[in-house]
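Q: The chain contents come next:
There are 4 protein chains.
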Amino acid sequence: MYVRRVSELSAQGAKVVLRGAIDRATAMGVPQCVAVVDTGGNLLVFERMDGAKLHSQFSAIQKAFTAISAKAPTGQLPTELAFGIALATNNRFATIAGGLPIELEGEIVGAIGVGSGNDEEDIEVAQAGIEALQNAIAHHA
Amino acid sequence: MYVRRVSELSAQGAKVVLRGAIDRATAMGVPQCVAVVDTGGNLLVFERMDGAKLHSQFSAIQKAFTAISAKAPTGQLPTELAFGIALATNNRFATIAGGLPIELEGEIVGAIGVGSGNDEEDIEVAQAGIEALQNAIAHHA
Amino acid sequence: MYVRRVSELSAQGAKVVLRGAIDRATAMGVPQCVAVVDTGGNLLVFERMDGAKLHSQFSAIQKAFTAISAKAPTGQLPTELAFGIALATNNRFATIAGGLPIELEGEIVGAIGVGSGNDEEDIEVAQAGIEALQNAIAHHA
Amino acid sequence: MYVRRVSELSAQGAKVVLRGAIDRATAMGVPQCVAVVDTGGNLLVFERMDGAKLHSQFSAIQKAFTAISAKAPTGQLPTELAFGIALATNNRFATIAGGLPIELEGEIVGAIGVGSGNDEEDIEVAQAGIEALQNAIAHHA
Numbered sequence: 001m002y003v004r005r006v007s008e009l010s011a012q013g014a015k016v017v018l019r020g021a022i023d024r025a026t027a028m029g030v031p032q033c034v035a036v037v038d039t040g041g042n043l044l045v046f047e048r049m050d051g052a053k054l055h056s057q058f059s060a061i062q063k064a065f066t067a068i069s070a071k072a073p074t075g076q077l078p079t080e081l082a083f084g085i086a087l088a089t090n091n092r093f094a095t096i097a098g099g100l101p102i103e104l105e106g107e108i109v110g111a112i113g114v115g116s117g118n119d120e121e122d123i124e125v126a127q128a129g130i131e132a133l134q135n136a137i138a139h140h141a
Numbered sequence: 001m002y003v004r005r006v007s008e009l010s011a012q013g014a015k016v017v018l019r020g021a022i023d024r025a026t027a028m029g030v031p032q033c034v035a036v037v038d039t040g041g042n043l044l045v046f047e048r049m050d051g052a053k054l055h056s057q058f059s060a061i062q063k064a065f066t067a068i069s070a071k072a073p074t075g076q077l078p079t080e081l082a083f084g085i086a087l088a089t090n091n092r093f094a095t096i097a098g099g100l101p102i103e104l105e106g107e108i109v110g111a112i113g114v115g116s117g118n119d120e121e122d123i124e125v126a127q128a129g130i131e132a133l134q135n136a137i138a139h140h141a
Numbered sequence: 001m002y003v004r005r006v007s008e009l010s011a012q013g014a015k016v017v018l019r020g021a022i023d024r025a026t027a028m029g030v031p032q033c034v035a036v037v038d039t040g041g042n043l044l045v046f047e048r049m050d051g052a053k054l055h056s057q058f059s060a061i062q063k064a065f066t067a068i069s070a071k072a073p074t075g076q077l078p079t080e081l082a083f084g085i086a087l088a089t090n091n092r093f094a095t096i097a098g099g100l101p102i103e104l105e106g107e108i109v110g111a112i113g114v115g116s117g118n119d120e121e122d123i124e125v126a127q128a129g130i131e132a133l134q135n136a137i138a139h140h141a
Numbered sequence: 001m002y003v004r005r006v007s008e009l010s011a012q013g014a015k016v017v018l019r020g021a022i023d024r025a026t027a028m029g030v031p032q033c034v035a036v037v038d039t040g041g042n043l044l045v046f047e048r049m050d051g052a053k054l055h056s057q058f059s060a061i062q063k064a065f066t067a068i069s070a071k072a073p074t075g076q077l078p079t080e081l082a083f084g085i086a087l088a089t090n091n092r093f094a095t096i097a098g099g100l101p102i103e104l105e106g107e108i109v110g111a112i113g114v115g116s117g118n119d120e121e122d123i124e125v126a127q128a129g130i131e132a133l134q135n136a137i138a139h140h141a
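For the protein sequence lines, the chains are A, B, C and D, in the order given.
The UniProt record's numbering numbers the first residue of the first sequence as 1 and each following residue consecutively.
The UniProt record's numbering numbers the first residue of the second sequence as 1 and each following residue consecutively.
The UniProt record's numbering numbers the first residue of the third sequence as 1 and each following residue consecutively.
The UniProt record's numbering numbers the first residue of the fourth sequence as 1 and each following residue consecutively.
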């Protein structure tokens, strides 16, 4: 087929993800940068909490881009391969954890990237963002 | 709504666009670079004909990205404004002609960018690519 | 003095600005990209509304950076000078309108950048964001 | 709160830090590049001593940016993680030693980055810069 019908995260959906992530980071007491992108890897929403690292404003976006690009969590490839991809793509591939694809009913509709905490903290916050959207949709159904 | 249903140009559709553009350029005797992107601005297919300018491999992609980004043909803004946008986006905006959004039944599903000829040649080739897809779909219906 | 006491827009304040801007853009029916930065020019919050131009995700941030950098609205210098500054700063200076510093009680605490509409639309949305914050502070006092 | 009151290193303060660092480097006989940034990571003062390495003009600034961004000395993370962050931030994160945050009375007000010597020399010079400011403030009190 020449054209596919696909599901695309909206700005409204992205804000639900962002809110869920920020709420979890707040509860954890860990300031974070959170970015949400659509299926094309373009930024929908972003927030840097007070006290989050400055450089994480860039890595959060890069992690989200990588998660949608690879349709997989970031930070899971062997290091040498991951670095090689980062170099080969002129830094359009994050090698570190904190990016997760956002899946709804078996379809990936966008991705979230979180940075400023450690790996476990970043992943927990990203996962909380995704769950917030899944919960919001379940309650609407 | 949290998720939107959208139409997205497939690789197969992009190849029909590319074929139509290359066929026209061949008939015109003007070697061209042709790029086709999806709605997120990511490259689907590309071809540089023998003899096409090397730098046009970059401008063709940039024109396609700009056409989908702005959902409008490239090269139509007043020069000062267009240059200003190019600078403000760190060169993610082509100011010159040759990029066209690909519209099907009222929905924009991707874009084509053509470079290496003059403005008229580039636009004619881009338009031929789009028409090839529209014709293919009409014949399938 | 070796150290100055300054006022800095918080993430909470930035969200009030963003909300005011998005509300105005929604009322105008013009999809926009909106970015808010702190006094150091680092991104605090961002939103791209459904339908806003992809390249404006970059120019909105650049406009906000430029407004805080110059402590003045963007797009007001003579074109040649503005382009010269953009080139001299490796594109860390937006030459086009849509960026405004955020002033509270005579002190600039951050900036907002808006892109995807025309100049007047971008400026109106940016101004609405600033007014939302000023109103919120007035009501808290 | 919408606005936070924060302490920000002034140009005068930065010059005290720079002077202290350069004096130490001179006493050590090691030519250095020294950069001092504010809390937003923007350059306040810089000096490249005669004979210091040319590339260190860039790494000294990057180290200072990284130290304020992470609010921690540079060069302390495991190599793989540090390299991963550098790649994910498009080289806005220095992985090597020589950057230190400048802390005054429990508040971080800026950062210093030093490059051209070895790790120990860079750190010693950076520390001397910070101590010069702390001493100047103690004498003023």
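Keep in mind that the hints were calculated from the coordinates and are not lab data.
Bear in mind the structure is a predicted one, so any value in this text is a computation, not a measurement.
It is possible that some hints are incorrect.
[As the list claims (entries may be wrong)] These stretches of chain D come out as covered by chain C in the derived footprint (C-beta under 8 angstroms, 3 or more residues):
(1) 36 to 44
(2) 84 to 92
(3) 113 to 125
[To be verified] With a cut-off of at most 20 angstroms between alpha-carbon atoms, the simulated SDA-like pairs for lysine to any residue come out as follows:
(4) C:Lys-71 - D:Ser-10
(5) D:Lys-71 - C:Ile-108
(6) C:Lys-15 - D:Arg-5
(7) A:Lys-15 - A:Ala-136
(8) D:Lys-53 - D:Arg-5
(9) D:Lys-53 - D:Lys-71
(10) D:Lys-71 - C:Ile-123
Even for Gly, the Cβ is constructed at its ideal location relative to N, Cα and C.
Q: Next step is simple, just say for each hint if it's right about the structure.
A: Hint by hint, here is what the structure shows:
| no. | hint | in the structure |
| --- | --- | --- |
| 1 | 36 to 44 | holds (count 5) |
| 2 | 84 to 92 | violated (count 0) |
| 3 | 113 to 125 | violated (count 0) |
| 4 | C:Lys-71 - D:Ser-10 | holds, 17 angstroms |
| 5 | D:Lys-71 - C:Ile-108 | violated, 24 angstroms |
| 6 | C:Lys-15 - D:Arg-5 | holds, 18 angstroms |
| 7 | A:Lys-15 - A:Ala-136 | holds, 11 angstroms |
| 8 | D:Lys-53 - D:Arg-5 | violated, 39 angstroms |
| 9 | D:Lys-53 - D:Lys-71 | violated, 26 angstroms |
| 10 | D:Lys-71 - C:Ile-123 | violated, 35 angstroms |
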